[in-house]
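Visitor: Could you build the full structure based on these sequences and the hints that come with them?
If you read the sequences in order, they're chains A and B.
Each residue of the first sequence is one higher than the one before, starting from 82 at the first, in my numbering.
Each residue of the second sequence is one higher than the one before, starting from -4 at the first, in my numbering.
Read the hints as simulated data drawn from the structure, not as lab findings.
Warning: the hint list may mix true and false statements.
Claimed, not checked - One side of the interface only, derived from the structure: several residues of chain A facing chain B at Cβ under 10 Å:
# : residue
1 : T128
2 : T131
3 : T132
4 : N201
5 : N207
6 : G431
7 : L557
8 : N572
9 : S578
Ideal Cβ positions, reconstructed from N, Cα and C, are used throughout, including at glycine.
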Amino acid sequence: MHSTIHGKVLSGRIVRFMILLLLLLPIILPIGVILVLFCTSLASGDTGITTQLVWSGRSGLLLIKSTVYAAVCALTALLIGILYATALPRFSRQVSRIMIVLIIALLPIPPYIHALAWNNVLSAFNTLISGTSYQPFALEGWIMAWWVQVVAFLPFACLIGIIALHAISRDLIDAARVVSPDITVLSKIIIPISYPVLSAGFGFLFLLGITEYSIPSLFSVDTYALDIFAAFSATNVIAIACAAALPLIAVAVCVLVLCQPGIRALGEFPGWTGTGSSQLQDWPAWFRFLQYSAVILIVLQVGVFIFGTAGSIGSLQGIGTSISTSGREIVYSLEIGILAVLIGIPLAAGIVSLMPKGKYAKNVFWVLVTLSLAIPSSLIGMGLLTLFAAVMIGPIWGLLLPVFAGIVRFLPVAIIIISAQVHMIDPVLLDAARFLGDIGSASYRRVVAPMIAPGIFIAAVFLFALTLGELGATLLVAAPGHQTLTMKIYNYLHYGSFSAVAGLCVLMAGITTIATLLTMFGISLWIKRFRLFGSDAHD
Amino acid sequence: MERRHVLFIVFAVVILVIIPIIFLFHDELGTQSSREVVIYTSVDQVYSEPLFFEFENRTGIHVRPVYDVEAAKTTGLVNRLIAEKAHPRADVFWSGEIVQTMLLEQEGVLERYDSPSAVDIPSHYKSLNGSWTGFGGRGRVLLVNTQRLGTNPAPKSIYDFFDERYPADSLGIAYPMFGTASTHAAALYAVLGRDKAQAFFNRLNDRGVRVVDGNSVVRDLVANGQLTFGLIDTDDACGAVERGAPVIIVIPDQESNGLGTLIIPNTVAIIAGAPHKQEAQQFVDYLLNRDMESELVTSGWIQIPVREGGRVNPCMNSSGIRTMNTTYSEIFPYLAQSQQELRGIFIR
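Guide: So this is what it looks like as structure tokens:
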């Protein structure tokens, strides 16, 4: 009897593991192909790879500089994001919502466009002060690259801040406020409790920073990611690019492992539908100054984006023309984004529901899942091409492969968000739902689905926006005769048509804003329909 | 599941998925047997797209282009073609430069084709085994901001990057490991020899000349006055002139014993095993036509026709240009070596 039960449990675990592996295939397969190509070349004794694997002082120094740069940028952006999140309750509900939509609209804009906008605005400012005694801004070097990278991260950082800080239970805050001033509640209660989200957010921003080269290179700053591209360009061999990328991947994995406690602890996170921190209003003057600075910075970022691209060098006619002639690109991009969400979100939800329970298994799981964030996008594209080159003839593949490119690169983000949301569900409610019926039953849907809805919707917005802005992998797998808006933006950038670039960027921001508004509308409808949360959970 | 929920899901799938797919792929889904040609090109869309439209109107052959972007740092279409070698999707590769095409030839991605339209193109613009044909060239030039130049004379040579009259941080080049800048670097290796070329780039780096992400960035920095001058391609330079920036174009090293400048031709080739070979040949014939070279000069994509007596671009005087004393087959072997070594010099 005992052995039968044990056998059933074991076979159940094996089935769960097999299904989990199956769901993870879209991430594992392209990475696996790259790994196989690398190992095959290494085993064959390819001198190019062995040379690449030899550690040089230049590479080491470059990697250290890139790591510090990415960490400092991620940390700065996150601090500003936290300040922005704490400042939101100072404004009316409508203004707060506008401020959230504003940062979401900036999500899919390629970082390079932000860099170009800042470069143009500061250059115009330098021209303005050229006759005065003021020193012009030095438009190169680490400080400039750091600044622009930070402001390019701000949309992500602010959302992370909002998710982290607006999740704390009101009761907890109320209790703490009885004995301590708000600033102490923030530093001693809210930040430590929000650590899981902040830690995961830092890891995400760090990975974005360390794999990015376009912003630093505009300001004459070299990074390790650029070195990988140089190795790839010089040889056109995937295995050599892979060998060049190995140290960067190792650093990224180390950071991910360091962030693991935070990512894993998302399970114990009280949830982000609370609004406890919104009660905190009694800040010291210096903190209010920092809060307002963060808000001004976001407004400034939007202003720089508008004036740096459209206002200063574009023309309304050019913007209009670029939008009106991009019908196919709009539909293609939308279709890729929508399909990435339709395929990616159920996949992420399934993966989360089958997540391993053991500590070590969890560690391996998270490293495996988040690894694709650390691999250069062109390598992911090459992995997909190698996998599907034989079968990808036909229009449907030309649509599906860019969708997979988005999913492979950004599914980890969706998994992290959904796992946090799923684990915050009150176990008592979950047991009640199980008692009422199985997954798929009306009662289960009425209890569980509304509770994970906010996480699902937020993950969908992230996945949609990030897929919309993807370039490196999409370029390699897009269907002949079709291109995404991001591909078109970069094509126009080379020609120097800034008004067209501005028009397309405005279009991308518009699409994401509409998607976000629809998402918010969907969330409110869903929650109103089921009315399962307390009144404070609806905000 | 209730019936209205099923209906809602079906409705949502139709609206979100099916209708857009039909909109995007209606021609591919409905006319499988129609004639088409898939063209991979690194030429800017603004220049190549009108030509594709014209070709479609003339021949009825539908063109499906795939465009490259500068930001991909030449890891884009060339790698895609290599990866698709066993199962090619592309019919034609039209490149804005030459060495990447030579790389594809070396990788066995290209197929021999002697276009009748290319009979008047000089032989040194053609592959020895007929895999590709060069036409309409772009040159490497100095773009100079006249306002920023002040009272200093305009530079005349790439060696003026070392002239102390021009502050190092006001001069710029694109990373010489990517794109046409890498072809130019390989050409310097071929002409000067490895040691002298390496010394040249070491000196550039030691002096602190700005090295940025692509020719278009150098162009923009010069055009908006952040740089005094920079080394770029003629199409970028002419673009800045046409947009009214306070700039002039200088063709470097034109004195009688000078180094000369590098002319980089466009190249076109048919992919081995191309699914639409006949259509590909028709397109190559169309593109290599003498009139088409003139049309590309007029559009601003190329400035230096390879044929005798070709149309000249009004943006710059390209007649009688002194070119670097080397051939493309001499340049190509230095490409990988120069890229690797320059990576060590410039990325630190």
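Visitor: Let's test the interface hint: is any C-beta of chain B closer than 10 Å to that of N201 of chain A?
Guide: For N201 of chain A, the interface hint holds, since the closest Cβ of chain B sits about 7 Å away, which is under 10 Å.
Visitor: Taking the least C-beta to C-beta distance, is S578 of chain A closer than 10 Å to chain B?
Guide: Given a least distance of 7 Å, the restraint on S578 of chain A holds.
Visitor: Hold the hint about G431 of chain A up to the distance rule: shortest CB distance to chain B must be less than 10 Å.
Guide: Violated. Min distance 18 Å.
Visitor: Hint validation: L557 of chain A versus chain B, beta carbon distance must be below 10 Å. Holds or violated?
Guide: Holds: closest Cβ of chain B sits about 5 Å from L557 of chain A, inside 10 Å.
Visitor: Please check whether T131 of chain A passes as an interface residue: C-beta within 10 Å of a C-beta belonging to chain B.
Guide: violated (14 Å)
Visitor: Identify whether the interface hint at N572 of chain A stands, where standing means a beta carbon of chain B within less than 10 Å of its own.
Guide: holds (5 Å)
Visitor: With a cut-off of 10 Å, does the beta carbon of T132 of chain A approach a beta carbon of chain B closely enough for the hint to hold?
Guide: For T132 of chain A, the interface hint holds, since the closest Cβ of chain B sits about 9 Å away, which is under 10 Å.
Visitor: Hint check: is the beta carbon of N207 of chain A less than 10 Å from a beta carbon of chain B?
Guide: It holds, given that the least Cβ distance between N207 of chain A and chain B is near 8 Å, below 10 Å.
Visitor: Using 10 Å as the Cβ threshold, decide whether T128 of chain A counts as touching chain B.
Guide: Since the shortest Cβ distance to chain B is 12 Å, the answer is violated.
In summary, the structure is inconsistent with hints 1, 2 and 6 from the numbered list given earlier, while agreeing with the others.
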